[in-house]
Structure formats: structure tokens, C-alpha cells
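Colleague: Residues 1 to 138 (the numbering used here) make up the sequence shown, in order.
None of these hints come from the bench; they were simulated from the model. From a predicted model like this one, the values you see are computed outputs, not experimental measurements. The beta carbon of each residue, even a glycine, is placed where N, CA and C say it ideally should be. Certain hints may be false.
[What the hints assert, rightly or not] Subject to a maximum C-alpha distance of 16 angstroms in a straight line, what follows is the list of computed EDC-like cross-link-like pairs (lysine to aspartate or glutamate): (1) Lys51 x Glu37; (2) Lys92 x Glu104; (3) Lys33 x Asp16; (4) Lys33 x Asp60; (5) Lys29 x Asp60; (6) Lys6 x Glu77; (7) Lys86 x Asp60; (8) Lys12 x Asp60; (9) Lys33 x Glu57; (10) Lys6 x Glu104.
[Unchecked claim] Label pairs and their computed distance ranges (CB to CB): (11) Thr107 x Phe19: 22 to 28 angstroms; (12) Asp16 x Asp94: 40 to 46 angstroms; (13) Asp16 x Gly100: 32 to 38 angstroms.
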Amino acid sequence: MEEIQKFMDENKAWTDATFGQLTPLSVVKHLRKEVNEVIEAMNDEETFGTKGATLMEFADIYLLMLNSLAQSGITFEELHRAAVNKMKINRKRDWQKKEGGFFEHTTVHAMLPGSKVREDHHSFSKLNAALAESEEVI
């Protein structure tokens, strides 16, 4: 994780020097544009199935995600810990296939035993911190 954090810090320093102080939201807005470019690359019959174009678009997404995290003051280790905890939640959810071929959860099982903390955008950090301290897989 140290290598990724070092890369993340270097990426932030370069983007700050090159583009000025960015906000996490401005970086996420750019990230949304890059996600659309991945979709276009995958839909393009000439490039679909070739790693090259798609891989470079995913690299853009990765760089922007790392930069948005850095701009938010979030370390790679914190992201990784949150992802591990989020998978604990996802494994307990019910999923339904949606039009377009992707799956979306149909249930919310993000309550800790004895807790009133629910998963939403405002309380997820509290839930994540509690999960990190909990040995129980939910």
C-alpha cells in the first residue's frame, strides 16, 4: 500500500502544480467523463476486446480517483479499508439484474447489531469506522 500511496501523493503534487488547486468535486466530474469514454471504447466494435484503448481509459479513471481521494484528504489505506468493509455489506445484500446488464442491490443490510446507524451518504463514515472496529462480518 505504501507504493500506491507514494504514487497517489506524487500524482496530487503534479496535478496541483500543473492545474492549480483542484477540488474533489471537480475531479469527480472529470472522472464521470472518463467513465463515459470507457463505455465508448467498449462499445466501439474496432476497439472492443483489445486491451489497449480500454486499459488507457481505465488508467485515466484510476488516476482521477486517486487524485480525488487525495484532494479529499483520504489515504489509499482508508479507501482499501472502506472497500473491505463495503464488501461485508454487499455480501449480505440481495441483488437484481437491471436493464443494461448490471446488478443493483435491492436490500439494505448496513445496520450494525444494536445500532441505529444506517448506510447513507451522511452516516456511512460512522458505519465504516464501526465496521473497522468490529470483528463481526455483517
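Colleague: In ascending order, which of the hints set out earlier in this document are inconsistent with the structure?
Modeller: 3, 7, 10, 11
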